[in-house]
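Engineer: With the hints as extra help, turn the sequences into a complete structure.
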Amino acid sequence: MMNSTTKTFASGLLWAGAWVATAAHAVNDLPGGPAVRQLNMHPPATKIAAEQHSLHWMMMIICMLIFVVVFGVMFYSIWKHRKSVGHKPASFHESVKVEIAWTVVPLIIVVIMAIPATRAVVAQKDTSNADITIKATGYQWRWGYDYLKGEGDGISFISSLDNEQRVLSNTGAKGVNLDNYLLKVDNPLVVPVNKKIRIITTSSDVIHAFAVPSFGIKQDAIPGFVRDTWFKAEMTGDFYGQCQELCGKEHAYMPIHVKVLSEADYSAWVKTQQTKKSAEAQPAQQVAQANTAK
Amino acid sequence: MQSTFTRLLSAALALLAFSFQSANAQEVKGNPVNGEAKIAMCIGCHGIPGYQASFPEVYKVPMISRQSAKYIVSSLNAYKSGERKHPTMRSVAAGLSDQDMADIAAYYDGHGPAVTLPEQPSAPSARVNELLTKGACNSCHGANFSKPIDASYPKIAGQNRDYLYIALKSYKTDGNATWGRSNPVMGTIAKQFSNAELKELANYIGRQPGELHVVPQSKFR
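Protein sequence lines, in the order shown, are assigned to chains Y and Z. Going by this note's numbering, the final residue of the first sequence carries number 294, and the count climbs one at a time with no gaps. Going by this note's numbering, the final residue of the second sequence carries number 515, and the count climbs one at a time with no gaps.
None of these hints come from the bench; they were simulated from the model. Note that the structure is predicted; figures quoted are calculated from it, not measured. Check each hint, because a few of them may be wrong.
SDA-like cross-link-like pairs, simulated, lysine to any residue; straight-line CA separation at most 20 Å [said to hold, decoys possible]:
1. LYS374/Z <-> PHE157/Y
2. LYS196/Y <-> SER262/Y
3. LYS332/Z <-> SER262/Y
4. LYS379/Z <-> SER267/Y
5. LYS218/Y <-> GLU164/Y
6. LYS466/Z <-> PRO478/Z
7. LYS332/Z <-> ILE48/Y
8. LYS332/Z <-> LYS196/Y
9. LYS149/Y <-> SER267/Y
Structural biologist: Shown next as structure tokens:
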């Protein structure tokens, strides 16, 4: 009896050890994307996201303080003035003073919380004076990007998930450790650093949502409607997001990858895209010319 | 003079032969096994029984299991090139290479149960018969609407009625940025009919026994 218990215990330990061992060299944090056992929000890459962080912590601290004070007073009173030590309940009815106090105090707290929050929300919605305007169109199930205004206007492409990763996910990607699992796309959205980018969202079929947590943005993409949001990335790098509105069977497979480049690199990218585009357009033009010549 | 002409002629012929050859070389063979890995984007709509698209109006998406491979390839290419306009299908087709299309088409060609169909469809009403003769549908799509004279034409018998109607209507649509089909043959045919007549045609053809299916994925994996 004893023997079997130790055996089970030992095998359990072995299993736990094996699990820890596999976990140790499993996936790594993806900079700009999800981290392993991430608890907090993504590290901010824009002022808005940083603001959201500080707001989040401010609210959290206020809530914690209220929690501690309210429950502290409650449990202290329950314990200190319990019946068994001979305390008698007060028998008063309706106290205007108390009622005013418990209305005014929360009101003040809510106003204190609302002032910075409102300021942040107003800043989030201010999409004016953008340097570059890009339309993000949600399709079932990928994103299409059209550069409408600013450097690189006219560029347009479709960004879809790497099919190999999609196939991997059919079997649950067992034994495969990819840092960018289900986040790798063929054509990332490329933007310059320190420029205000306005993203116009719309959709061609159902409601999708364009979201990049590191930038602190999320905006629904609604068919037949146009909505917008903006960001100004303050560092170069890769940032990831996903569609955040349930949009059908492949909802989990339409990632967003934003590549933030330095201004010079961005100009170079725009140039290569435009030469590629004109190279693609040229044969068509020649055909058209040949047709008119006939 | 004569020799220059013959030389030119032979050069032209050689060029012609070469272009035919290259056209043949472009034809890619589809592999249904490879196709199965590439259909994630298809089954999201075409693999769900009763799934409805909402653009430009609500209708059931077409059934594609057992549709002929050559037609699937040609329709995907039409979406890719913009001959058929549909934003979501364009975004799907734009990411597919010729090989991908051939593989997917080969997969769906043999997908689902095979059905033996009657040689002749059920007798249409006098009015529908008139419309069918006017449109000469069976001259291309086959007597039972499931045996097209060319594999690049679709099997239409038993296809979803609302889809058939929308498809026919879209052949009449010109100059819309996001909607319409510019197939010259179907365009001239569809434009002869009013929308009400197209609906009658779609309802009749959609009621015929057909090979097309929606084969859902297994719920258990």
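Engineer: Now look at each hint and say whether the structure bears it out.
Structural biologist: Evaluation of the provided hints:
1. Distance hint between LYS374/Z and PHE157/Y is fulfilled; the C-alpha atoms sit about 13 Å from each other, no more than 20 Å.
2. A distance of roughly 13 Å separates the Cα atoms of LYS196/Y and SER262/Y; the hinted pair therefore holds under the 20 Å criterion.
3. A hinted pair counts as satisfied when its Cα atoms are at most 20 Å apart, and LYS332/Z with SER262/Y does not qualify at roughly 36 Å.
4. Under the criterion of a C-alpha separation no larger than 20 Å, the hint pairing LYS379/Z with SER267/Y is inconsistent with the structure, at around 32 Å.
5. This hinted pair does not check out: LYS218/Y and GLU164/Y have alpha carbons roughly 27 Å apart, beyond 20 Å.
6. With a C-alpha separation of about 10 Å, the suggested pair LYS466/Z and PRO478/Z falls inside the 20 Å cut-off, and the hint holds.
7. At roughly 39 Å between alpha-carbon atoms, LYS332/Z and ILE48/Y are farther apart than 20 Å, so this suggested pair is violated.
8. Distance check on the hinted pair: LYS332/Z and LYS196/Y sit about 38 Å apart at the alpha-carbon level, beyond 20 Å; violated.
9. Of the pairs offered as hints, the one joining LYS149/Y and SER267/Y holds, with about 14 Å between alpha carbons and a cut-off of 20 Å not exceeded.
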